[in-house]
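Engineer: Quick note on my numbering: the sequence shown kicks off at -17 and runs consecutively.
Since the hints were made in silico from the structure, they are not lab data.
Take these hints with a grain of salt, some might be off.
[What the hints assert, rightly or not] Calculated pairs, DSBU-like style, for lysine-lysine (alpha carbon to alpha carbon, straight line, at most 30 angstroms):
#1 4 to 32
#2 198 to 137
#3 223 to 4
Only a predicted model underlies this, so the values are computations on that prediction, with no experimental measurement involved.
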Amino acid sequence: MPQINLLSSNKYAYFKENMLVKNEYFKNIDIKTETFPDGEHHWILQNVSKIKGKPAIYVCGTTDDEAIFELYNIASTLVREQCSSLHLVVPYFGYSTMERATTQGEVVTAKNIAKMLSSLPLSPQGNFIYMVDLHSFGTQYYFENSLHPVHLSAKNVIKQMISDCGPNVVLASADMGRAKWIEKMGDDLKLQTAFIMKRRFDGIHTTVEALNADVKGKNVVIFDDMIRSGSSIIKAAEAYKSVGAKDIYVAVVHGVFTPQSIDKMQSSGLIKQILVTNTHPNALKNQSNFIKVYDISEIISEGLVL
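Given these sequences and hints, build the entire structure.
Structural biologist: Shown next, in the form of C-alpha coordinates:
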(Lines of atoms letter the chains of each structure in order from A and count residues from 1; the text may use other names and numbers.)
(Lines give C-alpha, C1' and ligand atoms only; values in the text may rest on other atoms or scores of the structure.)
Protein backbone atom coordinates (compact mmCIF):
# COMPACT_ATOMS: atom_id res chain seq x y z
CA MET A 1 0.00 0.00 0.00
CA PRO A 2 1.36 3.47 -0.87
CA GLN A 3 1.92 6.21 1.68
CA ILE A 4 -1.30 7.75 3.02
CA ASN A 5 -1.03 11.24 4.47
CA LEU A 6 -2.79 11.85 7.76
CA LEU A 7 -3.64 15.31 9.11
CA SER A 8 -5.92 16.61 11.85
CA SER A 9 -7.30 19.72 13.43
CA ASN A 10 -5.72 20.65 16.77
CA LYS A 11 -8.78 19.39 18.63
CA TYR A 12 -8.46 15.96 17.03
CA ALA A 13 -4.68 15.56 17.30
CA TYR A 14 -5.24 12.80 19.89
CA PHE A 15 -7.32 10.84 17.39
CA LYS A 16 -4.72 11.23 14.66
CA GLU A 17 -2.00 9.97 17.02
CA ASN A 18 -4.04 6.84 17.77
CA MET A 19 -4.44 6.18 14.04
CA LEU A 20 -0.71 6.71 13.37
CA VAL A 21 0.27 4.21 16.05
CA LYS A 22 -1.95 1.51 14.57
CA ASN A 23 -1.12 1.80 10.86
CA GLU A 24 2.38 1.90 9.38
CA TYR A 25 1.12 3.30 6.05
CA PHE A 26 -0.20 6.49 7.62
CA LYS A 27 2.32 9.34 7.49
CA ASN A 28 1.88 12.46 9.57
CA ILE A 29 1.49 15.88 7.96
CA ASP A 30 1.41 18.81 10.37
CA ILE A 31 -0.58 22.00 10.00
CA LYS A 32 0.86 25.26 11.28
CA THR A 33 -1.93 27.31 12.83
CA GLU A 34 -2.01 30.96 13.87
CA THR A 35 -4.79 33.17 15.18
CA PHE A 36 -4.40 36.88 14.53
CA PRO A 37 -5.44 39.59 17.03
CA ASP A 38 -8.62 40.28 15.05
CA GLY A 39 -9.67 36.61 15.39
CA GLU A 40 -8.81 35.52 11.85
CA HIS A 41 -7.16 32.11 11.46
CA HIS A 42 -4.15 31.30 9.29
CA TRP A 43 -3.18 27.75 8.34
CA ILE A 44 -0.15 26.40 6.47
CA LEU A 45 0.10 22.73 5.52
CA GLN A 46 3.62 21.45 6.11
CA ASN A 47 5.61 19.20 3.72
CA VAL A 48 3.26 20.13 0.88
CA SER A 49 5.37 18.29 -1.72
CA LYS A 50 4.37 14.99 -0.07
CA ILE A 51 0.66 15.59 -0.61
CA LYS A 52 0.59 15.44 -4.42
CA GLY A 53 -0.61 12.13 -5.85
CA LYS A 54 -1.31 10.49 -2.48
CA PRO A 55 -4.52 9.90 -0.49
CA ALA A 56 -5.12 12.50 2.24
CA ILE A 57 -7.04 11.80 5.44
CA TYR A 58 -8.13 14.81 7.48
CA VAL A 59 -9.44 14.06 10.99
CA CYS A 60 -11.66 16.81 12.24
CA GLY A 61 -15.15 17.36 13.55
CA THR A 62 -18.05 19.74 13.22
CA THR A 63 -17.95 20.34 16.96
CA ASP A 64 -18.61 24.07 16.58
CA ASP A 65 -18.83 26.77 13.91
CA GLU A 66 -15.09 27.42 14.00
CA ALA A 67 -14.35 23.75 13.38
CA ILE A 68 -16.67 23.66 10.36
CA PHE A 69 -14.91 26.68 8.86
CA GLU A 70 -11.50 25.06 9.43
CA LEU A 71 -12.67 21.77 7.92
CA TYR A 72 -13.77 23.44 4.70
CA ASN A 73 -10.54 25.44 4.34
CA ILE A 74 -8.14 22.56 5.02
CA ALA A 75 -10.06 20.14 2.81
CA SER A 76 -10.12 22.64 -0.08
CA THR A 77 -6.37 23.15 0.23
CA LEU A 78 -5.65 19.41 0.21
CA VAL A 79 -7.44 19.10 -3.13
CA ARG A 80 -5.69 22.21 -4.47
CA GLU A 81 -2.37 20.59 -3.52
CA GLN A 82 -3.41 17.60 -5.65
CA CYS A 83 -4.07 14.81 -3.17
CA SER A 84 -5.22 11.73 -5.11
CA SER A 85 -8.27 11.22 -2.91
CA LEU A 86 -9.78 13.16 0.00
CA HIS A 87 -11.00 11.41 3.16
CA LEU A 88 -12.72 13.53 5.81
CA VAL A 89 -12.94 11.72 9.13
CA VAL A 90 -15.66 13.36 11.22
CA PRO A 91 -16.11 11.17 14.33
CA TYR A 92 -18.69 13.58 15.75
CA PHE A 93 -21.03 15.38 13.35
CA GLY A 94 -22.25 18.48 15.18
CA TYR A 95 -25.69 20.02 14.64
CA SER A 96 -26.93 16.47 14.06
CA THR A 97 -30.12 17.12 16.06
CA MET A 98 -30.99 19.93 13.65
CA GLU A 99 -31.65 17.60 10.73
CA ARG A 100 -35.22 18.70 9.97
CA ALA A 101 -37.50 21.68 10.42
CA THR A 102 -40.36 21.35 12.88
CA THR A 103 -41.67 24.87 12.41
CA GLN A 104 -41.82 27.32 9.53
CA GLY A 105 -38.63 29.34 9.12
CA GLU A 106 -36.45 26.94 11.15
CA VAL A 107 -32.97 26.47 9.67
CA VAL A 108 -32.02 22.84 8.92
CA THR A 109 -28.38 23.32 9.88
CA ALA A 110 -27.25 19.70 9.45
CA LYS A 111 -28.47 19.73 5.85
CA ASN A 112 -26.76 23.05 5.13
CA ILE A 113 -23.43 21.78 6.51
CA ALA A 114 -23.75 18.68 4.31
CA LYS A 115 -24.46 20.82 1.24
CA MET A 116 -21.51 23.10 2.01
CA LEU A 117 -19.08 20.17 2.32
CA SER A 118 -20.55 18.70 -0.86
CA SER A 119 -19.34 21.81 -2.69
CA LEU A 120 -15.68 21.03 -1.97
CA PRO A 121 -13.48 20.71 -5.07
CA LEU A 122 -13.23 17.12 -6.25
CA SER A 123 -10.02 15.11 -5.98
CA PRO A 124 -9.13 12.76 -8.89
CA GLN A 125 -10.15 9.57 -7.05
CA GLY A 126 -13.07 11.01 -5.12
CA ASN A 127 -14.05 12.71 -1.87
CA PHE A 128 -15.32 10.71 1.11
CA ILE A 129 -16.70 11.67 4.52
CA TYR A 130 -16.74 9.19 7.41
CA MET A 131 -19.15 9.67 10.32
CA VAL A 132 -19.90 7.58 13.39
CA ASP A 133 -23.39 6.76 14.71
CA LEU A 134 -25.24 9.79 13.42
CA HIS A 135 -28.08 11.02 15.63
CA SER A 136 -30.36 10.67 12.60
CA PHE A 137 -29.50 7.95 10.08
CA GLY A 138 -30.97 9.98 7.24
CA THR A 139 -28.47 12.84 7.62
CA GLN A 140 -25.97 11.00 5.44
CA TYR A 141 -28.33 11.39 2.47
CA TYR A 142 -28.00 15.18 2.61
CA PHE A 143 -24.54 14.93 1.05
CA GLU A 144 -24.60 15.67 -2.67
CA ASN A 145 -22.54 15.54 -5.85
CA SER A 146 -19.35 13.53 -5.48
CA LEU A 147 -18.91 13.59 -1.70
CA HIS A 148 -19.51 9.99 -0.68
CA PRO A 149 -20.79 9.49 2.90
CA VAL A 150 -19.65 6.43 4.88
CA HIS A 151 -21.64 5.81 8.06
CA LEU A 152 -19.69 3.74 10.61
CA SER A 153 -20.89 2.20 13.86
CA ALA A 154 -19.20 1.93 17.24
CA LYS A 155 -21.40 -1.07 18.03
CA ASN A 156 -18.53 -3.43 18.88
CA VAL A 157 -17.04 -0.89 21.29
CA ILE A 158 -20.48 -0.38 22.88
CA LYS A 159 -20.69 -4.14 23.35
CA GLN A 160 -17.36 -4.02 25.18
CA MET A 161 -18.61 -1.18 27.39
CA ILE A 162 -21.70 -3.18 28.35
CA SER A 163 -19.59 -6.27 29.10
CA ASP A 164 -17.33 -4.15 31.32
CA CYS A 165 -20.35 -3.26 33.47
CA GLY A 166 -20.59 -6.86 34.62
CA PRO A 167 -22.79 -9.89 33.85
CA ASN A 168 -26.58 -9.96 33.69
CA VAL A 169 -27.14 -6.24 33.45
CA VAL A 170 -30.33 -4.77 32.04
CA LEU A 171 -29.79 -2.75 28.86
CA ALA A 172 -32.00 0.32 29.05
CA SER A 173 -33.04 3.30 26.95
CA ALA A 174 -32.94 6.97 27.87
CA ASP A 175 -35.93 7.45 25.54
CA MET A 176 -37.66 5.64 22.68
CA GLY A 177 -35.33 7.13 20.06
CA ARG A 178 -32.91 4.20 20.37
CA ALA A 179 -35.48 1.52 21.27
CA LYS A 180 -34.91 -0.67 18.19
CA TRP A 181 -31.14 -0.42 18.56
CA ILE A 182 -31.36 -1.45 22.23
CA GLU A 183 -33.71 -4.32 21.44
CA LYS A 184 -31.29 -5.64 18.80
CA MET A 185 -28.25 -5.21 21.07
CA GLY A 186 -30.13 -6.92 23.90
CA ASP A 187 -30.86 -9.88 21.62
CA ASP A 188 -27.21 -10.07 20.50
CA LEU A 189 -25.91 -10.05 24.08
CA LYS A 190 -28.84 -12.07 25.48
CA LEU A 191 -29.70 -9.28 27.92
CA GLN A 192 -32.99 -8.12 29.33
CA THR A 193 -34.05 -4.70 28.03
CA ALA A 194 -35.97 -1.78 29.52
CA PHE A 195 -37.54 1.29 27.93
CA ILE A 196 -38.59 4.81 28.79
CA MET A 197 -40.93 7.07 26.88
CA LYS A 198 -40.38 10.79 27.33
CA ARG A 199 -41.83 13.96 25.90
CA ARG A 200 -39.60 16.87 24.87
CA PHE A 201 -40.99 20.36 25.40
CA ASP A 202 -38.14 22.17 23.63
CA GLY A 203 -34.41 21.74 23.00
CA ILE A 204 -33.70 21.49 26.73
CA HIS A 205 -36.67 20.24 28.78
CA THR A 206 -38.12 16.72 28.80
CA THR A 207 -40.40 14.72 31.07
CA VAL A 208 -40.71 10.93 31.53
CA GLU A 209 -44.24 9.77 30.63
CA ALA A 210 -44.02 5.97 30.71
CA LEU A 211 -41.68 3.22 31.91
CA ASN A 212 -41.53 -0.39 30.77
CA ALA A 213 -38.93 -2.02 32.97
CA ASP A 214 -38.33 -4.89 35.38
CA VAL A 215 -35.10 -3.72 36.97
CA LYS A 216 -35.65 -4.25 40.67
CA GLY A 217 -32.36 -5.26 42.33
CA LYS A 218 -30.54 -5.30 38.99
CA ASN A 219 -27.71 -3.24 37.52
CA VAL A 220 -28.79 -1.10 34.59
CA VAL A 221 -26.82 0.21 31.59
CA ILE A 222 -28.54 3.19 29.98
CA PHE A 223 -27.52 3.63 26.34
CA ASP A 224 -27.83 6.81 24.29
CA ASP A 225 -26.04 8.07 21.19
CA MET A 226 -24.87 11.29 22.91
CA ILE A 227 -24.75 13.19 26.17
CA ARG A 228 -24.91 16.98 26.08
CA SER A 229 -26.38 18.55 29.21
CA GLY A 230 -27.06 15.17 30.89
CA SER A 231 -30.60 16.15 31.88
CA SER A 232 -32.23 13.30 29.93
CA ILE A 233 -29.81 10.79 31.46
CA ILE A 234 -30.55 12.01 34.98
CA LYS A 235 -34.32 11.79 34.39
CA ALA A 236 -33.93 8.25 33.02
CA ALA A 237 -31.73 7.23 35.98
CA GLU A 238 -34.31 8.67 38.39
CA ALA A 239 -37.04 6.65 36.70
CA TYR A 240 -35.09 3.38 36.85
CA LYS A 241 -34.06 4.00 40.45
CA SER A 242 -37.70 4.66 41.37
CA VAL A 243 -38.58 1.09 40.38
CA GLY A 244 -35.69 -0.51 42.25
CA ALA A 245 -32.63 -0.46 39.98
CA LYS A 246 -29.33 -1.14 41.77
CA ASP A 247 -26.22 0.42 40.15
CA ILE A 248 -26.73 2.52 37.02
CA TYR A 249 -24.10 2.86 34.29
CA VAL A 250 -24.34 4.97 31.15
CA ALA A 251 -22.89 3.88 27.79
CA VAL A 252 -22.75 6.55 25.12
CA VAL A 253 -21.06 7.11 21.76
CA HIS A 254 -20.60 10.89 21.76
CA GLY A 255 -19.59 12.66 24.97
CA VAL A 256 -20.32 16.30 24.14
CA PHE A 257 -20.53 17.24 27.85
CA THR A 258 -21.65 20.85 28.01
CA PRO A 259 -20.29 22.93 30.96
CA GLN A 260 -21.37 21.61 34.38
CA SER A 261 -23.04 18.53 32.83
CA ILE A 262 -20.59 16.05 34.39
CA ASP A 263 -20.74 17.69 37.80
CA LYS A 264 -24.53 17.61 37.58
CA MET A 265 -24.63 13.89 36.75
CA GLN A 266 -22.01 12.93 39.30
CA SER A 267 -23.52 15.00 42.12
CA SER A 268 -26.95 13.46 41.45
CA GLY A 269 -25.63 10.28 43.09
CA LEU A 270 -27.64 8.21 40.60
CA ILE A 271 -24.92 7.13 38.18
CA LYS A 272 -22.00 4.89 39.06
CA GLN A 273 -19.98 5.44 35.87
CA ILE A 274 -20.23 6.85 32.35
CA LEU A 275 -18.57 4.89 29.54
CA VAL A 276 -17.99 6.86 26.34
CA THR A 277 -16.00 6.70 23.09
CA ASN A 278 -13.44 9.32 22.07
CA THR A 279 -15.40 10.71 19.10
CA HIS A 280 -15.62 14.12 20.79
CA PRO A 281 -12.58 15.91 22.32
CA ASN A 282 -14.57 16.72 25.47
CA ALA A 283 -14.71 13.03 26.40
CA LEU A 284 -10.93 12.74 26.61
CA LYS A 285 -10.62 16.10 28.40
CA ASN A 286 -12.95 14.85 31.13
CA GLN A 287 -11.54 11.34 31.54
CA SER A 288 -11.62 10.24 35.19
CA ASN A 289 -12.79 7.40 37.41
CA PHE A 290 -16.32 8.59 36.66
CA ILE A 291 -15.78 9.00 32.88
CA LYS A 292 -14.18 5.97 31.19
CA VAL A 293 -13.11 6.60 27.57
CA TYR A 294 -12.81 3.99 24.80
CA ASP A 295 -10.84 4.51 21.57
CA ILE A 296 -12.61 3.91 18.24
CA SER A 297 -9.77 4.93 15.90
CA GLU A 298 -9.41 1.32 14.71
CA ILE A 299 -13.05 1.32 13.56
CA ILE A 300 -12.30 4.41 11.49
CA SER A 301 -9.08 2.99 10.03
CA GLU A 302 -10.80 -0.25 9.02
CA GLY A 303 -13.70 1.64 7.44
CA LEU A 304 -11.62 3.84 5.14
CA VAL A 305 -12.19 3.37 1.41
CA LEU A 306 -8.58 3.44 0.20
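Engineer: Taking the hints in turn, state whether each one holds.
Structural biologist: Status of each hint after checking the structure:
Note on residue 4 and residue 32: the hinted pairing holds, with a Cα-Cα distance of about 21 angstroms set against a maximum of 30 angstroms. Note on residue 198 and residue 137: the hinted pairing holds, with a Cα-Cα distance of about 27 angstroms set against a maximum of 30 angstroms. In summary, the hint linking residue 223 to residue 4 is not supported, as the alpha carbons are separated by about 41 angstroms, beyond the 30 angstroms threshold.
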